[in-house]
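Assemble chain B onto chain A, guided by the hints.
There are 2 protein chains.
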Amino acid sequence: MNQPKSYKGYLIDLDGTMYRGSEKIPAASRFVKKLIEQDIPYLFVTNNSSRTPAQVAEKLVSMDIPATEQHVFTTSMATANYLHEQYGQAGVYMIGEEGLSHALNEKGITLVDEEAKSVVIGLDREVTYEKLTKACLNIRNGAAFLSTNADKAIPTEQGLLPGNGSLTSVMTVSTGVEPLFIGKPESIIVDQALAVLGVDKADTVMVGDNYDTDIMAGINAEMDTLMVFTGVTPKEEMADKAVQPTFAVDSLDEWQIV
Amino acid sequence: MNQPKSYKGYLIDLDGTMYRGSEKIPAASRFVKKLIEQDIPYLFVTNNSSRTPAQVAEKLVSMDIPATEQHVFTTSMATANYLHEQYGQAGVYMIGEEGLSHALNEKGITLVDEEAKSVVIGLDREVTYEKLTKACLNIRNGAAFLSTNADKAIPTEQGLLPGNGSLTSVMTVSTGVEPLFIGKPESIIVDQALAVLGVDKADTVMVGDNYDTDIMAGINAEMDTLMVFTGVTPKEEMADKAVQPTFAVDSLDEWQIV
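Residue numbers (this note's numbering), protein chains in the order written: chain A, 1 to 258; chain B, 1 to 258.
If you're looking for bench data, these hints aren't it; they were derived computationally from the structure. None of the values given here were measured: they were computed from a predicted structure. Heads up, none of these hints are tricks.
Covered stretches of chain A (chain B as the covering partner; in silico rule of three or more C-beta atoms under 8 Å from a C-beta of chain B):
#1 115–126
#2 132–144
#3 153–164
#4 169–182
For every residue, glycine included, the Cβ atom is placed at its ideal position computed from N, Cα and C.
Here chain A stands alone, though its shape is the one from the complex (with noise of 0.2 Å):
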């Protein structure tokens, strides 16, 4: 591997990356540590709505990996910030956990079930048929329609469960409304993090391990990539890939922190 770049900040996926599932990646925790040592900024990227950032950060320690919760970014937070910018405090229907609840409240935002401004969706594993016809009825009505992420699929010990992008398809295909996404491969979520970061888009590398989320991501923001192949995307598929990940690695212990 051809590594001639220092960077001065790190985007950084949780899952696959930094821990599979409940299961720790050694060289992960010696990345971040090294990070630290050499006093470079990092950000943890993730497209989990349902975590609060405090909830992601104890599972980080747990992992042995240093975070506090302002090293943590969800889509849940980038969906807060988009929504308040675009239409201040106005009322949302929300389909979602406590990582999205949390995260609209902190910016202050009124949860409604009728005449809503804007419909989120996340991942809400409480689901029900009247929060899916909520939601459709306040888009007929006009509201915005956005979604945390597009993920088809979350990978569990049980197999690959409904991720938030199908169930984001209900609203879909019901009422005909292409959905806003926010998370990654959206730049919305890698724009707003870099400026969280404070680090300059040309300094700073995206890492994760899902080239169609994480890589594409970093490719959409035009900032530099690096792919781990510890997660998702197994490396005899990067082969068929038309853009390339500016690095890719086995492990993280073969990057050199410079």
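Relative to chain A, chain B alone:
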């Protein structure tokens, strides 16, 4: 309207054609009574998978439309017939309401949670993430994937609610497997309905208010169609359609049963 033909059998849609939600359509009642007077066989063909034939007949009678359960053919019955033909009584993982479970039970088909030979989804207003998960896991495990109908929305007094086609998309998007749809506009349900009616296709007409389901079902099955503008499709929309129904009327009172 030019009406040159005498038909020996009628396939008739329900909602929008025989009634509108809980509202009677008086011309529909007169129409069916004329069929009975002239001893012409008819069969109601519906994409509603929720009700049993007995429940549908009861509703028709309450709308002053003569019907027994022998006059009703639901997409749940068509789906159960299809499954039985293809896989015998092999285990099915089902998402759906009473109409679907009743139809599968009538064919002696076993309902299972795991290792299903097929997955079938009909409208389920008590759908949960767990049900969607089981469907996805069975499909990824190789089960055939069927859906009673592709309707995107259900007209109700509350507005347009999510239809079974939109719930079905959760599995389609998550697994990447396209379902086999059974209901209108597919010809599967029409061919089965014709067999139940016992009249030759060339002598039968399909009557309905929804161009995209009822009329397209007739067109796909290569039979004559009668459009009635008492339901979903407005008259103004018809001009844009590449394939026109054989006949079109504002009210079934205009139709001469000869």
